[in-house]
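Top line first, the protein sequences correspond to chains A and B. Numbered by my numbering, the letters in the first sequence go through residues -13 to 105 in order. Numbered by my numbering, the letters in the second sequence go through residues 598 to 711 in order.
Hints were generated in silico from the structure; no laboratory data involved. Take these hints with a grain of salt, some might be off.
Claimed, not checked - Taking lysine to any residue pairs in the SDA-like style, the calculated list, with each CA pair at most 25 Å apart, reads:
no., chain 1, residue 1, chain 2, residue 2
1, B, Lys655, B, Asp682
2, A, Lys27, B, Ser606
3, A, Lys0, B, Gln639
4, A, Lys41, B, Gly696
Unchecked claim - Pairwise CB distance ranges, derived in the manner of DEER restraints:
no., chain 1, residue 1, chain 2, residue 2, range
5, A, Gly47, B, Thr602, 34 to 44 Å
6, B, Ser611, A, Asn37, 23 to 33 Å
7, B, Ala598, A, Phe25, 14 to 24 Å
8, A, Ile(-2), B, Ser692, 41 to 51 Å
9, A, Lys27, B, Glu661, 25 to 35 Å
10, B, Ser681, A, Phe25, 17 to 27 Å
11, B, Glu661, A, Ser1, 23 to 33 Å
12, B, Ser681, A, Asn56, 33 to 43 Å
13, A, Thr68, B, Ala651, 43 to 53 Å
14, A, Lys50, B, Val626, 20 to 30 Å
15, B, Glu668, A, Thr3, 44 to 54 Å
Beta carbons are placed, not taken as given, at the ideal position from N, Cα and C, and that holds for glycine.
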Amino acid sequence: GAVVSQHPSWVICKSGTSVKIECRSLDFQATTMFWYRQFPKQSLMLMATSNEGSKATYEQGVEKDKFLINHASLTLSTLTVTSAHPEDSSFYICSATNPSGLHSYNEQFFGPGTRLTVL
Amino acid sequence: AQSVTQLGSHVSVSEGALVLLRCNYSSSVPPYLFWYVQYPNQGLQLLLKYTSAATLVKGINGFEAEFKKSETSFHLTKPSAHMSDAAEYFCAVRSGQAGTALIFGKGTTLSVSS
């Protein structure tokens, strides 16, 4: 099956710094990638949809200037948390798909997640 | 708009017992439905998916789910629970056309006791 990786798997940073999280599709071209956020013991909430070569579409309530998303290639999307604060601490999960590719049923392939802790 | 509701945030069963995790959906279009499992501090693993083919869907690890349009349900079952099945389970529905995001239920924690 298709593999999606995330880097780093966990990161601890000081308040006010920026953190970049990478999401890579290793064996297929992902025209669309999604970024989700998961608080402890809660479900996944969609933050934004990222299409290769286009600006990301953010969900209501998600600050686009705080969560910068770049999808410059068919295999890489990045999420940058700018000026991170303790309330940004969470588990960030990406998923990738290619609706017109091999996986025609729109299956999304999820990365292993990145645990962000802001001190 | 599409949504899913998982009934029961926590389900406890004994090893060898039947597992039943409930999911009801709401969709304005024929739904594409999914069940995922998540182990602590890990990402999501797809158990099975419904894509308008057979209503009884078999997945990995002995799990299966039945799509019932009349009941707007997609419950997940496994005849005999294993200790290794203890995890968080999420039901999800595709939010729209191909290439759109998934909308997740709140999740159900499955505990298995010996």
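A quick look at each hint next to the structure:
Proximity of B/Lys655 to B/Asp682 is assessed by CA-CA distance (about 16 Å); at most 25 Å being required, the pair is judged to hold. Proximity of A/Lys27 to B/Ser606 is assessed by CA-CA distance (about 10 Å); at most 25 Å being required, the pair is judged to hold. Between A/Lys0 and B/Gln639, the direct Cα distance comes to roughly 24 Å. Compliance with the 25 Å bound is thereby established for this hinted pair. At roughly 15 Å between alpha-carbon atoms, A/Lys41 and B/Gly696 fall within 25 Å of each other, so this suggested pair holds.
The hint said 34 to 44 Å for the Cβ distance between A/Gly47 and B/Thr602, and at roughly 21 Å that hint is violated. Under the hint 23 to 33 Å, the C-beta atoms of B/Ser611 and A/Asn37, about 47 Å apart, miss the expected range. The hinted range of 14 to 24 Å is satisfied by B/Ala598 and A/Phe25, whose Cβ atoms lie roughly 22 Å apart. At about 33 Å, the CB distance of A/Ile(-2) to B/Ser692 disagrees with the hint of 41 to 51 Å.
The supplied range of 25 to 35 Å is met by A/Lys27 and B/Glu661, whose beta-carbon atoms lie about 27 Å from each other. Checking the proposed 17 to 27 Å range against B/Ser681 and A/Phe25 shows it holds: the Cβ atoms sit about 26 Å from each other. For the pair B/Glu661 and A/Ser1, the beta carbons lie near 47 Å from each other, so the given range of 23 to 33 Å is not met. Checked against the hint of 33 to 43 Å, the C-beta distance between B/Ser681 and A/Asn56 comes to roughly 38 Å, which is consistent with it.
Under the hint 43 to 53 Å, the C-beta atoms of A/Thr68 and B/Ala651, about 47 Å apart, fit the expected range. For the pair A/Lys50 and B/Val626, the beta carbons lie near 28 Å from each other, so the given range of 20 to 30 Å is met. The given range of 44 to 54 Å is respected by B/Glu668 and A/Thr3, whose C-beta atoms sit roughly 50 Å from each other.
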